[in-house]
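Model the full assembly from the supplied sequences, consistent with the hints where possible.
Each chain, letter by letter, is given below.
Protein chains: 2
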Amino acid sequence: MEFSTYKIVIIGAGNVATQLCLALKKSKHTIVQVYSKHKSSAGILAKSLKCDFTNQPENIDTSADIYIIAVNDDSIIEVVKHLRLIDKIVIHTSGSVDMNILAPSSKNIGVFYPLQTFSKNNKVNFKIIPICIEANNNATFRVLNSLAKSVSNKVQKINSEQRKTIHLAAVFANNFCNHLYAIASDILESANVSFDILKPLIEETSKKIKNSSPVETQTGPAIRDDKKTMSSHLKMLSQKKKYQQLYNLISKSIIDFSKKKKQ
Amino acid sequence: MEFSTYKIVIIGAGNVATQLCLALKKSKHTIVQVYSKHKSSAGILAKSLKCDFTNQPENIDTSADIYIIAVNDDSIIEVVKHLRLIDKIVIHTSGSVDMNILAPSSKNIGVFYPLQTFSKNNKVNFKIIPICIEANNNATFRVLNSLAKSVSNKVQKINSEQRKTIHLAAVFANNFCNHLYAIASDILESANVSFDILKPLIEETSKKIKNSSPVETQTGPAIRDDKKTMSSHLKMLSQKKKYQQLYNLISKSIIDFSKKKKQ
Chain A
2 MEFSTYKIVI IGAGNVATQL CLALKKSKHT IVQVYSKHKS SAGILAKSLK
52 CDFTNQPENI DTSADIYIIA VNDDSIIEVV KHLRLIDKIV IHTSGSVDMN
102 ILAPSSKNIG VFYPLQTFSK NNKVNFKIIP ICIEANNNAT FRVLNSLAKS
152 VSNKVQKINS EQRKTIHLAA VFANNFCNHL YAIASDILES ANVSFDILKP
202 LIEETSKKIK NSSPVETQTG PAIRDDKKTM SSHLKMLSQK KKYQQLYNLI
252 SKSIIDFSKK KKQ
Chain B
2 MEFSTYKIVI IGAGNVATQL CLALKKSKHT IVQVYSKHKS SAGILAKSLK
52 CDFTNQPENI DTSADIYIIA VNDDSIIEVV KHLRLIDKIV IHTSGSVDMN
102 ILAPSSKNIG VFYPLQTFSK NNKVNFKIIP ICIEANNNAT FRVLNSLAKS
152 VSNKVQKINS EQRKTIHLAA VFANNFCNHL YAIASDILES ANVSFDILKP
202 LIEETSKKIK NSSPVETQTG PAIRDDKKTM SSHLKMLSQK KKYQQLYNLI
252 SKSIIDFSKK KKQ
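Those protein sequences? They're chains A and B, same order as listed.
Residues 2 to 264 (the working numbering) are what the first sequence spells out, left to right.
Residues 2 to 264 (the working numbering) are what the second sequence spells out, left to right.
Hint data in this document are derived by calculation from the structure and do not stem from the laboratory.
Where hints are given, some of them may not hold.
Pairs involving identical chains hold if they fit within one copy or between any two copies, as the list cannot separate such chains.
As the list claims (entries may be wrong) - Dumping the calculated DSSO-like pairs for lysine-lysine here, alpha-carbon to alpha-carbon at most 27 Å:
no., residue 1, residue 2
1, 263, 200
2, 208, 128
3, 124, 209
4, 229, 208
5, 38, 229
6, 40, 200
7, 158, 236
8, 242, 108
9, 209, 155
10, 150, 108
Below, the structure is given as structure tokens:
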């Protein structure tokens, strides 16, 4: 399938901006300029994209088709103050910020939220990343749909309310799981065991839910109602009250789920 | 490297027993018999291993070298009552049960704990599974070491105390993470969004910690101290008090970790 190609200004030079621009460039779009208030970050990204860059909002190129704001949630409103683009398309990449925050910048606004965790240096396969898109009019939606489909096979139309719910669910599945890994690592350290020992288990845990629902794949002392093991675990955590609280709360929640399932 | 091969009786016919026997057979050991109190489970596993089976403890074959008890933690003590094997090797595969529970069954006892989550039908690559071994004498240790190395490249000598700590850490990294997936799925359901949308994110989250510590890879509103997003998330969870409690507790724990890191 052939897609239209667009001239794009990227606003931001962090992890999302970097990975998204690399994918867009690969799909033959033209990144005309990188803007970031941090001159050196803008310069580094612009160099890898072989394009112009600026850290002066008044120097943002006004000849592009699409302006992608990929900055921290709190900074979006600051950026919008500087953008008066009238009939260009202005979009942001955030999971939790309402589309309408962009209204002062243009009459054509939208959201392009790639549901993934990005690092600057870890290459990601954009083709399998779900992209949630939304726009304030049909013409803008068609452009975003074409842009998104040029980089990913998993494009979905998602409104602002749904997107916020997806972002919340992602906090549980990504940020909170990662923190549980950190707790596991801390617990192992107390027994002088390397965190490496858990890595195959962590990988398999994430793979198991590919073809089964996580409620079906639940294992462990809580789902077996194995009180002996749970009380021995709580005893082992007696010096770490926060972990004990978490252990209790998550175990109770597992037991609740299993009761609901049986009903 | 050449390994000795052994004659083995497997006690239990669940997920661990099944996957372990398949790996042992592949490494040229002989499974002489499957024992399970559930005749049909014993029969199914024995059929796939092409060996004898029984559900009568008094009929357990006494001619093997090694007896592997791979049953639920609570059932180990029941099984031990029936085993009087004097100079055979008797081991269990549990993460949380002390080795000495096996003492009545033989003078040669040990533990063979494969740190992985198993399903009966999901094939696993045993070579990369960490196996924690322990024995009550050197001769038994040597046999277990040889047995473990014949199926896995990641064999570690781990004492009972360390093993219990590893098991506790695994509960956080595996059982509790899986439950967070279930919560995420439940949250998405309320917005009519399929859990599939989170799968690439979940996979990437588990991959990120392969080369970085989970403390380094932490992202999300809590680590950024993004109070606006956190309070909006808590508001969205107002109908689900348990999720709200969990959100609060895990977020606080993430903030604590980041403070400790900065110190």
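Going down the list of hints, with the structure as the test:
1. Proximity of residue 263 to residue 200 under the C-alpha cut-off of 27 Å is restricted to the inter-copy arrangement: shortest distance 26 Å between copies versus 32 Å within a copy.
2. Taking the shortest Cα distances, residue 208 and residue 128 sit within 27 Å of each other both inside one copy (19 Å) and across copies (17 Å).
3. Taking the shortest Cα distances, residue 124 and residue 209 sit within 27 Å of each other both inside one copy (24 Å) and across copies (11 Å).
4. Neither within a single protomer nor between protomers do residue 229 and residue 208 lie at most 27 Å apart by alpha-carbon distance, with minima of 29 Å and 33 Å respectively.
5. Proximity of residue 38 to residue 229 under the C-alpha cut-off of 27 Å is restricted to the inter-copy arrangement: shortest distance 23 Å between copies versus 56 Å within a copy.
6. For the homomeric pair residue 40 and residue 200, neither the shortest alpha-carbon distance inside one copy (38 Å) nor that between copies (36 Å) is at most 27 Å.
7. In this homomeric assembly, residue 158 and residue 236 come within 27 Å of each other (Cα to Cα) only across copies, at 24 Å, whereas the closest approach inside a single copy is 48 Å.
8. Taking identical chains as interchangeable, the C-alpha atoms of residue 242 and residue 108 are never at most 27 Å apart, the minima being 53 Å within one chain and 40 Å between chains.
9. Both within a single protomer and between protomers do residue 209 and residue 155 lie at most 27 Å apart by alpha-carbon distance, with minima of 21 Å and 22 Å respectively.
10. Within a single copy, residue 150 and residue 108 get their C-alpha atoms as close as 23 Å, which meets the 27 Å cut-off; across copies the closest is 66 Å, which misses it.
Figure legend: structure checked against the earlier numbered hints; hints not met, in rising order: 4, 6, 8.
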